[in-house]
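K.L.:
Top to bottom, those sequences are chains A and B. Numbering-wise (our numbering), the first sequence opens with residue 11 and increments by one. Numbering-wise (our numbering), the second sequence opens with residue 149 and increments by one.
Check each hint, because a few of them may be wrong.
Unchecked claim - Restricting the straight-line Cα-Cα distance to at most 30 Å, the calculated cross-link-like pairs of lysine-lysine (DSSO-like) are:
#1 Lys22/A <-> Lys133/A
#2 Lys179/A <-> Lys27/A
#3 Lys132/A <-> Lys45/A
#4 Lys56/A <-> Lys182/B
#5 Lys132/A <-> Lys167/A
#6 Lys554/B <-> Lys492/B
#7 Lys45/A <-> Lys22/A
#8 Lys94/A <-> Lys182/B
#9 Lys182/B <-> Lys27/A
#10 Lys559/B <-> Lys495/B
#11 Lys94/A <-> Lys132/A
#12 Lys182/B <-> Lys45/A
#13 Lys34/A <-> Lys45/A
#14 Lys56/A <-> Lys132/A
#15 Lys22/A <-> Lys34/A
#16 Lys34/A <-> Lys182/B
#17 Lys132/A <-> Lys492/B
#18 Lys125/A <-> Lys167/A
#19 Lys94/A <-> Lys535/B
#20 Lys56/A <-> Lys34/A
#21 Lys94/A <-> Lys27/A
#22 Lys133/A <-> Lys182/A
#23 Lys442/B <-> Lys399/B
#24 Lys22/A <-> Lys559/B
Stated by the list, open to error - If you anchor each label on the Cβ, the simulated ranges turn out as follows:
#25 Phe382/B <-> Leu122/A: 31 to 39 Å
#26 Leu122/A <-> Val421/B: 34 to 42 Å
#27 Arg380/B <-> Leu122/A: 17 to 25 Å
#28 His71/A <-> Val421/B: 26 to 34 Å
#29 Leu98/A <-> Glu177/B: 25 to 33 Å
#30 Ser168/A <-> Val425/B: 25 to 33 Å
#31 Arg63/A <-> Asp175/B: 20 to 28 Å
#32 Asp106/A <-> Trp419/B: 48 to 56 Å
#33 Arg67/A <-> Trp419/B: 20 to 28 Å
#34 Ser168/A <-> Asn416/B: 16 to 24 Å
#35 Phe97/A <-> Ser488/B: 15 to 23 Å
#36 Phe97/A <-> Asp175/B: 22 to 30 Å
Unchecked claim - Per the computed footprint, the stretches of chain A lying under chain B, defined by three or more beta-carbons under 8 Å from a beta-carbon of chain B, are:
#37 103-109
#38 162-176
For the record, the hints were derived by calculation from the structure and aren't laboratory data. All values derive from a computational prediction rather than experimental measurement. C-beta: ideal position from N, C-alpha, C; glycine also.
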Amino acid sequence: MGCTQGSQRDQKWVYEKYYGYCLKTVFRYIYRYDKAVDVVNDGFVKIFRNFARFEYRDLEHLEMILMGWMRMIMINTAIDHLRKNNFLPEIGDLADHIWQQEDRSQASDGVLLYKELVKEIKKLPPSYRTVFNMYVIDGFTHQEIANRLGISVGTSKSNLSKARVLLQKIIKNNDEVVGVCNM
Amino acid sequence: MQYVNDDMDELFRRAAENYPLDTRGSDWEQVAAKLAEAPPPEPVRKKDRRHLLWLLLLIPFTFLCNRYYPIGGKQLPSGIATQGNPGSASPAELSTGGTSGPAHSEGPKEEQAANTPAASGNASTANYPSGRPQELNAVASSNEPREPVAGTTASTAKKQRTTITGGGLAGNAAQQNETDIGNSGGTVNDHLRSIDKRATVPFPLRPLQAGSKLMDFSSTVRRRQEGKKRDRRFYAGLVFSGDVTTIRFQKVEEAGFSYGALLGYSFNSRWSVETGVYRDRKSYYSDGEYVGNKNIYVPPNAELTDVRGVCTMYEIPVNIRYNFRSNPRNSFFATAGVSSYIMKQEKYAYDYYYFLTGYTHTYRRTYTNASRNLFSVIGLTGGYTRKLGRVGDLRVEPYLKLPIGKMGYGKLPLTSAGLHVGITRTLF
Numbered sequence: 011m012g013c014t015q016g017s018q019r020d021q022k023w024v025y026e027k028y029y030g031y032c033l034k035t036v037f038r039y040i041y042r043y044d045k046a047v048d049v050v051n052d053g054f055v056k057i058f059r060n061f062a063r064f065e066y067r068d069l070e071h072l073e074m075i076l077m078g079w080m081r082m083i084m085i086n087t088a089i090d091h092l093r094k095n096n097f098l099p100e101i102g103d104l105a106d107h108i109w110q111q112e113d114r115s116q117a118s119d120g121v122l123l124y125k126e127l128v129k130e131i132k133k134l135p136p137s138y139r140t141v142f143n144m145y146v147i148d149g150f151t152h153q154e155i156a157n158r159l160g161i162s163v164g165t166s167k168s169n170l171s172k173a174r175v176l177l178q179k180i181i182k183n184n185d186e187v188v189g190v191c192n193m
Numbered sequence: 149m150q151y152v153n154d155d156m157d158e159l160f161r162r163a164a165e166n167y168p169l170d171t172r173g174s175d176w177e178q179v180a181a182k183l184a185e186a187p188p189p190e191p192v193r194k195k196d197r198r199h200l201l202w203l204l205l206l207i208p209f210t211f212l213c214n215r216y217y218p219i220g221g222k223q224l225p226s227g228i229a230t231q232g233n234p235g236s237a238s239p240a241e242l243s244t245g246g247t248s249g250p251a252h253s254e255g256p257k258e259e260q261a262a263n264t265p266a267a268s269g270n271a272s273t274a275n276y277p278s279g280r281p282q283e284l285n286a287v288a289s290s291n292e293p294r295e296p297v298a299g300t301t302a303s304t305a306k307k308q309r310t311t312i313t314g315g316g317l318a319g320n321a322a323q324q325n326e327t328d329i330g331n332s333g334g335t336v337n338d339h340l341r342s343i344d345k346r347a348t349v350p351f352p353l354r355p356l357q358a359g360s361k362l363m364d365f366s367s368t369v370r371r372r373q374e375g376k377k378r379d380r381r382f383y384a385g386l387v388f389s390g391d392v393t394t395i396r397f398q399k400v401e402e403a404g405f406s407y408g409a410l411l412g413y414s415f416n417s418r419w420s421v422e423t424g425v426y427r428d429r430k431s432y433y434s435d436g437e438y439v440g441n442k443n444i445y446v447p448p449n450a451e452l453t454d455v456r457g458v459c460t461m462y463e464i465p466v467n468i469r470y471n472f473r474s475n476p477r478n479s480f481f482a483t484a485g486v487s488s489y490i491m492k493q494e495k496y497a498y499d500y501y502y503f504l505t506g507y508t509h510t511y512r513r514t515y516t517n518a519s520r521n522l523f524s525v526i527g528l529t530g531g532y533t534r535k536l537g538r539v540g541d542l543r544v545e546p547y548l549k550l551p552i553g554k555m556g557y558g559k560l561p562l563t564s565a566g567l568h569v570g571i572t573r574t575l576f
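Extracted from the complex, chain A is given alone in its bound form (with noise of 0.2 Å):
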């Protein structure tokens, strides 16, 4: 109700608590991290001059609908910004100091490959990386991602399975990969 109403309060404790959240997403699909941070405060930006149109029926599950409406505002957001630079790969390492600090228990190995497999899938080409996220982790639909980078089907079934031969080869390489894959 406060962000419904400008309430910079309410607006300020909803970004703080939902920034991890929307930034994790977005830096799937934008390479950069500084530009990650920008793409994502514009998103919210847009989250916060429109918030008087998000609809919601089940009280119960509020958080998540609320959480799913800003996913898709940030994906939305994110892939603007690829539309605006044409989709052209950038270059160079990512920096150390955007990752966690690790953390060298037994029970951090999971996270650092998860790192890794992050790491391999922001190198993959920008058209083929954005259709892989919307499609295996944001769950679009080959038509939806169709309409929303306007490229035909056909294209993003093409995309798709590029990038999974390109990843499949790194998990073949990587014998911690295959470990897991076999838990």
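Using the hints provided, position chain B relative to the given structure of chain A.
P.N.:
Chain B in isolation, oriented as in the chain A frame:
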């Protein structure tokens, strides 16, 4: 393979949820500053003026109509001229203000009929019974100041006054008003208020359907729709080409050229239709046996051995274009279509060999406007366009033109090949 994909997908989904990204860099001040700024204005859509081109087709139609169905001497009904009664006139006449022919001479009464709001050509005026309009006209055209309805501004009150003569809900209210005016003698203000109450229906709140998708107001879909609209466009350009023409692939003695204007319309990013007008100069040679016109004089005891021709013509092609690969910067395309040759001047040099003397003599003839060869050539081209910034698009297009029939005074099958080079530009 499917199971491998599913396992891999699940792995990446878990990775996307749990990967260790440092998310401590939130900057609320930046977001607050952006929220404090005014939102960007909606982009102003350019007016779609393509429909104006179709109006050009009306020009010859109006000439024809004017030739065979001249306007003149047509009297308007007397009811218009004498009573200034919009109810008894057709809306079409009212919309012209009765300005045609002698009705113009009626003067002030005609102007009164034309200037009333009821004379806006709206069909609902025909519903007014003949007995009432004078009173309505008096009300509608009066200049007395009106009190604005409570809660409305002066501009809204002006709109309400206009709606009296409009159709629909306000039109029905206007009929009600007419009755009220006649019976109760109420003021117009009262009726404006009653219209206001009836017309002010709040927009119904959109009910949330079960399972409705979360709202997506992204600009991505809007941009895609706008992008689709941008694909439909008219474009035009200037083209110049070098040309070689042969008859049944005999020798080519001299090259020709062509220049002209091109006009095209894109249906989408793939398909377009093109036409144009080119002025061609073709030069060709043929052995005498291929000359198809038997009316060409051949002296006795002689044989037509060679024909050399130089022809100036207008070419009107109609082509369908298909873009194989296109992006905002360049595209590869192919076209196929038919062309018509309108011969303007044909210069022929006939070589005759005289059997008796063994000499060859050349006779020259020039024919003007000798023939029209409609849809007589099949044109095939493949080309490349490249954007040249604000200038337009550079277009390079090799072509091949194959004859369907025989052309020109000499009835020769002309096969041409060449290279179009031109600049095209989007019109709108």
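K.L.:
Run every hint past the structure and note whether it holds.
P.N.:
Hints, one by one, checked against the model:
Between the alpha carbons of Lys22/A and Lys133/A the distance comes to roughly 33 Å, so the proposed pair goes past 30 Å and is violated. Of the pairs offered as hints, the one joining Lys179/A and Lys27/A is violated, with about 37 Å between alpha carbons and a cut-off of 30 Å exceeded. With a CA separation close to 14 Å, the supplied pair Lys132/A and Lys45/A stays within the 30 Å bound. Restraint check for Lys56/A and Lys182/B: the C-alpha separation of about 10 Å stays at or below 30 Å, so the hint holds.
Our distance criterion of 30 Å between C-alpha atoms is met by Lys132/A and Lys167/A, whose separation comes to about 19 Å. Distance hint between Lys554/B and Lys492/B is fulfilled; the C-alpha atoms sit about 16 Å from each other, no more than 30 Å. The straight-line distance between the Cα atoms of Lys45/A and Lys22/A is roughly 21 Å, inside the 30 Å bound, and the hint therefore holds. Using a Cα cut-off of 30 Å, the hinted pair Lys94/A and Lys182/B holds, with the two alpha carbons roughly 20 Å apart.
Our distance criterion of 30 Å between C-alpha atoms is met by Lys182/B and Lys27/A, whose separation comes to about 19 Å. Between Lys559/B and Lys495/B the alpha-carbon distance is near 13 Å, which keeps this suggested pair within the 30 Å criterion. Distance hint between Lys94/A and Lys132/A is fulfilled; the C-alpha atoms sit about 18 Å from each other, no more than 30 Å. Simply put, Lys182/B and Lys45/A have alpha-carbon atoms about 16 Å apart, close enough for the 30 Å limit, and the pair holds.
For the suggested pair Lys34/A and Lys45/A, the alpha carbons sit about 13 Å apart, so the restraint of at most 30 Å is met. Our distance criterion of 30 Å between C-alpha atoms is met by Lys56/A and Lys132/A, whose separation comes to about 25 Å. The suggested pairing of Lys22/A with Lys34/A holds, with an alpha-carbon distance near 19 Å, which does not exceed 30 Å. With a CA separation close to 22 Å, the supplied pair Lys34/A and Lys182/B stays within the 30 Å bound.
Of the supplied pair hints, the one linking Lys132/A and Lys492/B is violated, its CA atoms being roughly 66 Å apart against a limit of 30 Å. At most 30 Å may separate the alpha-carbon atoms for a hinted pair to count; Lys125/A and Lys167/A meet this at roughly 26 Å. Only pairs whose Cα atoms come within 30 Å are accepted, and Lys94/A paired with Lys535/B is accepted, the gap being roughly 19 Å. Between Lys56/A and Lys34/A the alpha-carbon distance is near 18 Å, which keeps this suggested pair within the 30 Å criterion.
A hinted pair counts as satisfied when its Cα atoms are at most 30 Å apart, and Lys94/A with Lys27/A qualifies at roughly 29 Å. Proposed proximity of Lys133/A and Lys182/A is supported: the alpha carbons are some 17 Å apart, at most 30 Å. Between Lys442/B and Lys399/B the alpha-carbon distance is near 23 Å, which keeps this suggested pair within the 30 Å criterion. Simply put, Lys22/A and Lys559/B have alpha-carbon atoms about 85 Å apart, too far for the 30 Å limit, and the pair is violated.
Range check, Phe382/B to Leu122/A: Cβ separation about 59 Å, and the 31 to 39 Å hint is violated. Leu122/A and Val421/B have their C-beta atoms about 59 Å apart, which leaves the hinted 34 to 42 Å range violated. The beta-carbon spacing between Arg380/B and Leu122/A, approximately 52 Å, falls outside the hinted interval of 17 to 25 Å. The hinted window of 26 to 34 Å between His71/A and Val421/B is violated, with their beta carbons roughly 54 Å apart.
Judged by the Cβ atoms, the range 25 to 33 Å given for Leu98/A and Glu177/B holds: they are separated by roughly 31 Å. A beta carbon spacing of about 43 Å between Ser168/A and Val425/B contradicts the range 25 to 33 Å that was offered as a hint. Our hint of 20 to 28 Å for Arg63/A and Asp175/B holds, since their Cβ atoms are close to 25 Å apart. For Asp106/A and Trp419/B, the hinted distance range of 48 to 56 Å is satisfied, since their beta carbons lie about 52 Å from each other.
Restraint check, Arg67/A to Trp419/B: a C-beta distance of roughly 45 Å breaks the suggested window 20 to 28 Å. Evaluation of the 16 to 24 Å hint for Ser168/A and Asn416/B yields a pass: the beta carbon distance comes to about 21 Å. Phe97/A and Ser488/B have their C-beta atoms about 45 Å apart, which leaves the hinted 15 to 23 Å range violated. At about 27 Å, the CB distance of Phe97/A to Asp175/B agrees with the hint of 22 to 30 Å.
Residues of the region 103-109 of chain A with a Cβ under 8 Å from some Cβ of chain B number 3, which satisfies the need for three, so the listed coverage holds. Using a Cβ-Cβ cut-off of 8 Å, 1 residues of the region 162-176 of chain A lie near chain B, which falls short of the minimum of three, so the contact claim is violated.
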